[in-house]
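Protein chains in written order, with my numbering: chain A, 1 to 281; chain B, 1 to 518.
Check each hint, because a few of them may be wrong.
Said to hold, decoys possible - Below are the DSSO-like pairs computed for lysine-lysine, each with C-alpha atoms no more than 30 Å apart in a straight line: (1) A:Lys-268 with B:Lys-348; (2) B:Lys-355 with A:Lys-55; (3) B:Lys-402 with A:Lys-170; (4) A:Lys-55 with A:Lys-170; (5) B:Lys-173 with B:Lys-148; (6) B:Lys-61 with A:Lys-162; (7) B:Lys-348 with A:Lys-55; (8) B:Lys-173 with A:Lys-272.
Note that these hints are calculated values from the structure, not bench results.
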Amino acid sequence: MMKDRMWWRHLVGLAALVFALVPIIFLISAALNPVGTLSSTSLIPSGASFSNFSKLFHDPNSPYVRWYVNTLVICGVAAVLNVLIGVSGAYAFSRLSFRGRRPGLTGILLVQMFPNFIALTALYLLFINIGSVLPVAGLNTSLGLILVYLGGAMGVNTWLLKGYLDTIPKELDEAARIDGASEAQVFFRVVLPLAVPMLVVVGLFSFVANLNEILLAGVFLTDTTHKTLAVGLYGLVSGNHNTDYGEFAAGSLLAGIPVVLIYLYLQKYLVKGLTAGAVKG
Amino acid sequence: MAPSPAERLARLSWPRVVFVGLVAAFAVLTIPTLVDKHSWTGVTISVAVTVILAYVYLTPKRIAARFLVPGTILLLAFQVYPIGYTISTAFTNYGDGHRLSQSQAVAQLEADSVLEQPGAQRYELSVATRTADASGPFVFFLTDPNGKVERGDATGLTPVPDAQVAKDPFTGKVITAQGWHILSGIQVNGLGQRLAGFEVPVSGGFIKSVGLSEAYVGQFTMKYDAATQTMTDTRTNTVYKASNGTFKAADGSGKMLPIGWKIDVRFKNFTSVLTDAAIRGPFLRVLIWTIAFAILSVLTTFGLGLLLAVVMDHPRMRGRRLYSSLLLLPYAMPAFISTLVWSSMYNKDFGLLNKLFGTHIDWLGSPWAARGSVLLTNLWLGFPYMFLVCAGLLQAVPQELKEVAKVDGASPFRVFRSVTMPTVLIGAMPLLIASFSYNFNNFNVIRLLTDGGPYPSGSSTAGDTDILISYTYRLAFGGQGAQYGLASAISFLIFVLVGLISYAGFRQTRQLEEVYAR
Chain A
1 MMKDRMWWRH LVGLAALVFA LVPIIFLISA ALNPVGTLSS TSLIPSGASF
51 SNFSKLFHDP NSPYVRWYVN TLVICGVAAV LNVLIGVSGA YAFSRLSFRG
101 RRPGLTGILL VQMFPNFIAL TALYLLFINI GSVLPVAGLN TSLGLILVYL
151 GGAMGVNTWL LKGYLDTIPK ELDEAARIDG ASEAQVFFRV VLPLAVPMLV
201 VVGLFSFVAN LNEILLAGVF LTDTTHKTLA VGLYGLVSGN HNTDYGEFAA
251 GSLLAGIPVV LIYLYLQKYL VKGLTAGAVK G
Chain B
1 MAPSPAERLA RLSWPRVVFV GLVAAFAVLT IPTLVDKHSW TGVTISVAVT
51 VILAYVYLTP KRIAARFLVP GTILLLAFQV YPIGYTISTA FTNYGDGHRL
101 SQSQAVAQLE ADSVLEQPGA QRYELSVATR TADASGPFVF FLTDPNGKVE
151 RGDATGLTPV PDAQVAKDPF TGKVITAQGW HILSGIQVNG LGQRLAGFEV
201 PVSGGFIKSV GLSEAYVGQF TMKYDAATQT MTDTRTNTVY KASNGTFKAA
251 DGSGKMLPIG WKIDVRFKNF TSVLTDAAIR GPFLRVLIWT IAFAILSVLT
301 TFGLGLLLAV VMDHPRMRGR RLYSSLLLLP YAMPAFISTL VWSSMYNKDF
351 GLLNKLFGTH IDWLGSPWAA RGSVLLTNLW LGFPYMFLVC AGLLQAVPQE
401 LKEVAKVDGA SPFRVFRSVT MPTVLIGAMP LLIASFSYNF NNFNVIRLLT
451 DGGPYPSGSS TAGDTDILIS YTYRLAFGGQ GAQYGLASAI SFLIFVLVGL
501 ISYAGFRQTR QLEEVYAR
């Protein structure tokens, strides 16, 4: 058998790493750059200071900590409820028989194909009405935005989770039912624990998807104090691209690092979740 | 024997009862407000949701519904309803200048036409409320030049005896009034917009405020005749006739009044996409680029991902885990951050790319460079995903089959083409289709990188990197005047296109699977 050489494989790998890492290194360099402008930033940091970070925390026009908290609350609550609603739907579609099961499955897939941002006008008008009755859930509130995000909870997630639940042997829940477990007990005590890896992946995807969402968040949250990181940081660079760059980079780094760490930590589950049909990019 | 009602009650688990109780309590709390606002739709929805939830969670049947109802209600309220609304908008001319109903438009035009008549008297004005917190409802206390005081509200004028008010000795302005709270100048100033719309009707016109302490009698200069559906400008005696959602001058001069109303235009928005040259040209250009962008994005990300996966897929390759962890980073980084970072790297004057290569390319400013930049960024964002997927799928390629092929004398390339590739494709096909439809509507990348630009000369609505979704967004919400009707029609077309492509793709996959599964 021919002896395989490894060096060219490493060469390709290293080239890919350069491509993958340059923007990230650039971002780190910009965050540490003491001058804090785009024009003075290069790939290798020319100096290192945390001035951008302290500026970020003290700039009254960019209440970064508020944005961070808003983002965690909105994306966190939406992710948890998304998963709960998604897995309930998946459980019904995977385990229970009822009328309209097949059309229901097709229907939720179909609804997802509508470019939903164009329904923005309708959502906007709808939430003006909701806000006039229930001010805590109107425009410019976290709750309102969470509700909009939950509109899609019974969608792709349901399909993803159904695919996963189908791989869990039905004998397990049948046995539990014979032992006298109610449907809720089967769901919460038998099926949910077995689906935890997939629930985590779907929750993470939903969290990140909402973290990246600028369109609805941009329209819904107009007060500076109500903004999310995506909307707030976008505002930092869209107006004054050169001078506020250090602040933007510092803020982005602080927002990005936790997500990156979670991804790395969950890497082995991710592959499974991805091949089950989740998409990004 | 069927269980008695008491037995049934005993079987109810408390979490369900608590849940229904909370929903009911919520309904009880909101319904008075809804009734107060005469929102009968709101009341109906509130009652219906409560009844449905109570039925589903408190009866012993409907087990599947218990798992489906919460998600379905949210889906109906925040996805299906807005979509339905949007589709119905696609058949109207809804947009800037056509937002109101006809009667609202008439009222608005008349109100906007109120002008102060030359030589008309002015009033000294004080604004008052019942309570001290200036939250309304408001009334005007008006002192005419003779010192007579009248109180004006939305229904008209009421004389006020001098005994009930105290007046400023010089101007005659009311300072205090029995039973009313006169607002200070600062308070009145703070009301701004709300007072601008406050008018006291008098015969032939309105009394409106001007500044903080004066009011004038304004006369309508536009008069609407409901029988003939015409508006008449009494200053010029021009007659405007209602037609196609606007008032057009009857003398054929083509003049139109600025406020129109929403009308049903049936299929006009759809047909104009195909027949109106001003829309069809940009639309086709954008459509072609959208398809090219989506296909190229899928091909480049899949190509690079597969290449890397194959390169790494060797039993003696060291550091595979380290490679894949580092290659995962672009995927793990929140995309909005990465895209903004890329957009700054493309900056013509200060950007990293021009600095590194010593070039002076206007990456995002010239059409082909911008298209390339968008694709490059999207490749960066997407290849780790494809890499992970392909790496996973390569594990599933049957090793024996590869060995057998090798023994039969097949070249490594032949093994890859005939054994590895088909297996990977079957697994990846649904993901490739999903990725295609995702990129077809990949608003964020376009919005954050180029915002559709650069724009070809002569077109300010459709840029060179615009995909359908960003183009539609500009039609609906752009600064040029919103055209919701047209934008909704295009959204509907996008919906149909993506649906058809996905459907065709999934059918194709099923056939592939049947072929290779034997």
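Taking the hints in turn, this is what the structure says about them:
no., hint, result
1, A:Lys-268 with B:Lys-348, "violated, 40 Å"
2, B:Lys-355 with A:Lys-55, "holds, 27 Å"
3, B:Lys-402 with A:Lys-170, "violated, 35 Å"
4, A:Lys-55 with A:Lys-170, "violated, 57 Å"
5, B:Lys-173 with B:Lys-148, "holds, 10 Å"
6, B:Lys-61 with A:Lys-162, "holds, 23 Å"
7, B:Lys-348 with A:Lys-55, "holds, 27 Å"
8, B:Lys-173 with A:Lys-272, "violated, 78 Å"
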